[in-house]
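**Student:** For the protein sequence lines, the chains are A and B, in the order given.
For the first sequence, the working numbering gives the first residue as 1, with consecutive numbering after it.
For the second sequence, the working numbering gives the first residue as 1001, with consecutive numbering after it.
Simulated from the structure, these hints should not be mistaken for lab results.
This one's a predicted model, so the numbers in the text were calculated from it and none came from an experiment.
Quick reminder that beta carbons are idealized off the backbone N, C-alpha and C, glycines included.
Take these hints with a grain of salt, some might be off.
Claimed, not checked - Now the stretches of chain A that chain B is said to cover, found in silico as 3 or more residues with beta-carbon under 8 Å:
no. : segment
1   : 49-56
2   : 138-146
3   : 164-174
Unchecked claim - Listed below are several chain A residues computed to face chain B (Cβ distance under 8 Å; list not exhaustive):
no. : residue
4   : I35
5   : H84
6   : G85
7   : K120
8   : R121
9   : P127
Stated by the list, open to error - Have a look at the derived ranges for each label pair, beta carbon to beta carbon:
no. : chain 1 : residue 1 : chain 2 : residue 2 : range
10  : B       : T1197     : A       : K68       : 27 to 35 Å
11  : B       : P1079     : A       : N73       : 52 to 60 Å
12  : A       : N73       : B       : T1197     : 42 to 50 Å
13  : A       : S170      : B       : P1177     : 30 to 38 Å
14  : A       : K66       : B       : E1018     : 25 to 33 Å
15  : A       : R154      : B       : N1192     : 38 to 46 Å
16  : A       : K68       : B       : G1122     : 43 to 51 Å
17  : B       : Q1119     : A       : E33       : 43 to 51 Å
18  : B       : E1018     : A       : R37       : 15 to 23 Å
19  : A       : G162      : B       : L1147     : 24 to 32 Å
20  : B       : G1121     : A       : T70       : 40 to 48 Å
21  : A       : S161      : B       : N1192     : 50 to 58 Å
22  : A       : R69       : B       : G1078     : 19 to 27 Å
23  : B       : S1014     : A       : R69       : 35 to 43 Å
Here are the chains, one letter per residue:
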Amino acid sequence: MIGYDNTISEKSSPAKGVEHISMKFDLDIEDWETITRADLVFEDLSTIGSSYALRVFFNNKKATAKTKRTAKNGYAGRLTIFGHGDCLGSEGHCSSASKMDVRLDAPAMPVLQHPTAPMKRILTVTPALDRVMRRYSKGLHTVTLVTVLQAPLRKKRKPMSGLLKCRRVSLRTYS
Amino acid sequence: MAIRLSIRSLEQSSPSVEVLRAAYANFKSITDERGFDWFAATHGAPTPIWCPHGSPLFLPWHRAFLYYFELALQTRLGPRFTEVAPARPEFADVGLPWWDWASDHSHTVGLPQSYAVAQVGGEPNPMASSEIGHSSSQLVSGVWSDLLVNIVRTNPQLAGLITDTDPPMTLRDPDDPDELPRQSTIRNVLMNMGTFTDFTTSVEQMHDDVHVWVGGAMSSVPTSAYDPIFWSHHCMIDRLWHIWQNSSNAMNPPPDLMDTVLAPFPLTVAQVLDIDRMGYEYAVAAVA
């Protein structure tokens, strides 16, 4: 059962590859005791472009790509986005509204969706959120997202802004 | 029936891995729709990108993909995805091995040795790398492979996917072995995901981690299937789905998807749900 659905209220970009998301998370420690799972949900996430890693930190506005991924630093987990690369076709070829995605009203045969259609990604953050709820009286106030370009060569991997393209990020809890 | 074993098991049985290597070499020498090049191109590029990612069809589509790939590796694939008598009987029983990237061994050594060594007996190891557009004389992928190679070589962000000089060979640059997905993550996914959508989303995330962990050609959809480790990585993903299907948590894909055709393959979602009916199984090891 979904208990809470907290959507991004504002975003800011303090450093290369770093985004802060302020969240209003109206849950006190007593409510938290009833929660069995918490997910950070990324909706309509684009995969066009390069592959990248998305590292998530809770209540740590100073987190960057160099921050150690430890509980002490508020590290909550990571996602890797497997990029489809750049478009090899003409304009519109990789748009999810291109002709591959057109459906008939009553199709005789169901068809595959466009391969670059935006996707949903879920990062289960239950242990990290549990630590936050027990450590901070005001609970979770900031989610810091650090995006690192996962270039084919490790030496070329670096924090980069603009990689994350998604319609909505929300925190969902289940009891 | 093909029995898909772990790579680790194959590596501990010398003749088996040599037969697999020979089957790959033969597969790569075929220049029509039954050859390695066609399958590698079908996943991403140069031909139209077919593979659905981020969709409930991710697991069914790749199961169909691996099924026909394995038939072709066994020299049992005929025209229009028909099954024929093996052209090379010595490869007829070769099963695709699965790479358990969450194992303690993988977290120590990283890539499996049989896929990592560049040469075997003084010859290039066909499981270590592939040439993009090897069968450029044929229509299915050859027309577009030059375009793909050119795009990759002229985009600085894509440096390291393939070699800078001809022939265009796939490259890798694997990360620290301990960055591979962990057994605890697999356990969580298998035991706690109670809907097909949650399961496929979670498995695909592990899948993405491994693609990018390998680096090089594997880190980008259009080139990834040219790397032979792609097939053993996806075999592991398919195995995880099979294990979950046999668990008490298992659920089928949504009913409205059951009749979806997994193009370009002539199979529907419903037809790939039971691997026993498809004629293969998974085992850790096999004793003759």
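**Student:** Among the hints numbered above, which are violated by the structure, and what are their numbers in rising order?
**Tutor:** Failing hints, ascending: 2, 3, 4, 9, 12, 14, 15, 17, 18, 21, 22.
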